[in-house]
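*Asks:* Okay, here's what each chain looks like letter by letter:
Number of protein chains: 2
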Amino acid sequence: MAGTDRSKADAAAHIQPGPAIVLVRPQLGENIGATARAMLNFGLGDLRIVAPRDGWPNGKAFSSASGADVVLDRAQLFDDVPAAIADCQHVYATTARPRYMVKPVVTPREAAGEIRTRMGEGETVAVLFGAERAGLTNDDVILANTVITAPLNPGFASLNLAQAVLLVATEWYQAEQRAPTRTLDPGNSRASTAEEREAFYRHLEAALDDADFFRVAEKKPSMRRAIRNLFERAEPTDQEVRTLHGIVTALSDRRADGRRRFER
Amino acid sequence: MAGTDRSKADAAAHIQPGPAIVLVRPQLGENIGATARAMLNFGLGDLRIVAPRDGWPNGKAFSSASGADVVLDRAQLFDDVPAAIADCQHVYATTARPRYMVKPVVTPREAAGEIRTRMGEGETVAVLFGAERAGLTNDDVILANTVITAPLNPGFASLNLAQAVLLVATEWYQAEQRAPTRTLDPGNSRASTAEEREAFYRHLEAALDDADFFRVAEKKPSMRRAIRNLFERAEPTDQEVRTLHGIVTALSDRRADGRRRFER
Chain A
1 MAGTDRSKAD
11 AAAHIQPGPA
21 IVLVRPQLGE
31 NIGATARAML
41 NFGLGDLRIV
51 APRDGWPNGK
61 AFSSASGADV
71 VLDRAQLFDD
81 VPAAIADCQH
91 VYATTARPRY
101 MVKPVVTPRE
111 AAGEIRTRMG
121 EGETVAVLFG
131 AERAGLTNDD
141 VILANTVITA
151 PLNPGFASLN
161 LAQAVLLVAT
171 EWYQAEQRAP
181 TRTLDPGNSR
191 ASTAEEREAF
201 YRHLEAALDD
211 ADFFRVAEKK
221 PSMRRAIRNL
231 FERAEPTDQE
241 VRTLHGIVTA
251 LSDRRADGRR
261 RFER
Chain B
1 MAGTDRSKAD
11 AAAHIQPGPA
21 IVLVRPQLGE
31 NIGATARAML
41 NFGLGDLRIV
51 APRDGWPNGK
61 AFSSASGADV
71 VLDRAQLFDD
81 VPAAIADCQH
91 VYATTARPRY
101 MVKPVVTPRE
111 AAGEIRTRMG
121 EGETVAVLFG
131 AERAGLTNDD
141 VILANTVITA
151 PLNPGFASLN
161 LAQAVLLVAT
171 EWYQAEQRAP
181 TRTLDPGNSR
191 ASTAEEREAF
201 YRHLEAALDD
211 ADFFRVAEKK
221 PSMRRAIRNL
231 FERAEPTDQE
241 VRTLHGIVTA
251 LSDRRADGRR
261 RFER
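Protein sequence lines correspond, in order, to chains A and B.
Just so we're aligned, residue 1 is where the first sequence starts under the working numbering, counting upward by one.
Just so we're aligned, residue 1 is where the second sequence starts under the working numbering, counting upward by one.
Among the clues, some could well be false.
The following residues of chain A were derived to be distant from chain B, with all beta-carbon distances above 12 Å [as the list claims (entries may be wrong)]:
| no. | residue |
| --- | --- |
| 1 | 55 |
| 2 | 105 |
| 3 | 212 |
With beta-carbon atoms standing in for the labels, derived distance ranges [unchecked claim]:
| no. | chain 1 | residue 1 | chain 2 | residue 2 | range |
| --- | --- | --- | --- | --- | --- |
| 4 | A | 96 | B | 13 | 15 to 25 Å |
| 5 | B | 104 | A | 134 | 56 to 66 Å |
| 6 | A | 98 | B | 132 | 28 to 38 Å |
| 7 | A | 151 | B | 120 | 11 to 21 Å |
| 8 | A | 96 | B | 223 | 49 to 59 Å |
| 9 | A | 53 | B | 76 | 32 to 42 Å |
No wet-lab data here; the hints were simulated from the structure.
Keep in mind that this is a model prediction, so the values were computed, not measured.
By construction, the Cβ of each residue, glycine as well, lies at the ideal position given by its N, Cα and C atoms.
Produce the entire structure from the sequences given, and follow the hints as far as they go.
*Replies:* This is how it looks when you write it as structure tokens:
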């Protein structure tokens, strides 16, 4: 037991600051455990689990973690993706197939270099991984700024969950910092968090609802996705999110004024 | 069924010429299946299985291959490592821990570039992976020219078999050809095969046995390993192996002559 405690402490000491690994609606405890094992091989320790099918904690996860218990012990449980990434400034979504969204798509190697750079600049980063069979939904992917797709055999692209995490983790471990893909003036602003952007989307959608913008009910989900995708791609700073709030407020007030004027 | 046949044919069409993946004494059929799946994701199709604990074919391998049956269907079974690598000119051994042998040690990324180069020059290449718990024995590693060790968390290096294969396979898939690490004059010689080198070792060892070189029986295994390691590292050409045979023959004949002279 002393040996186990010591090896746990040893493993914990080798966890480095790294991106959060977010498992979205994972099904099998075995895969959560295998993911923790894959992570710890590369010094990653921030595991976030969204709505696991079989609840949490899950004994099967621990029995298949091959000793990476330190990662499972620290894992955080969330009800939905927005809650899991609330504190994150840049979010990556892993997908095996194209999603036909206008979003940058990078390989795990390219993502790894970017993540090193972003984290070196103090940003918080998360990588989303979907459930075993279906992967991430389009609504999950919309919440991400960038898509990661691994180069795989076009005739056979079939990774299990822990293997997908492994491909990202090994690249992250080996990555050097790359030149930033974007420069922020650090004196005036910082990258917005997912929570700040989410608050803006809710504000905007409430205003649009109020304005009867979503007339055709069936089109509402795709319109919402299109709006989110546009703004996520723009990667607004915290200051820009405040500006966007101001715009929505101003426009809805003007419309309200206009209506009053009309009613008058 | 037509769909399955078509997807098998599709997967087979996407297998590229690549290194042989040699599983040495694997225990669980599940891991053999998971290895086939990992391989096919990166277009690898040459799986060689040495003395699997539970025999071959193994139903559990097929049920855990997630459709990578084309790799299992083509897999070759061997009794020992020398037979499995007989046709290979350059052999890599994967190890998680240092083996204290004088051999080049490279990362999967470095190995991948070398393998692309070697195969581009027409060489045959194999990569050895050890059993689930213990990995490769020192006798297995001795048979390799180069060791591959992945960069992993020093506090927690614990990959399963298919994950170890995945790390090599993803690097191979992404690798560009690198400058050769060694230049052969292609007009006069080629890299020797493992079978040719093995025949030389047997010749040399028989001659040494005959000369009572292995006096201390307990030391024989380590002496044999040291000899093999030296020559594997030198990567002799086919011509050089013939020369080595000639040297051993000449020396043993001279010794035989000497003995005759002494007896006379």
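*Asks:* Hints broken by the structure, by number, lowest first?
*Replies:* Result: hint 5 breaks, nothing else.
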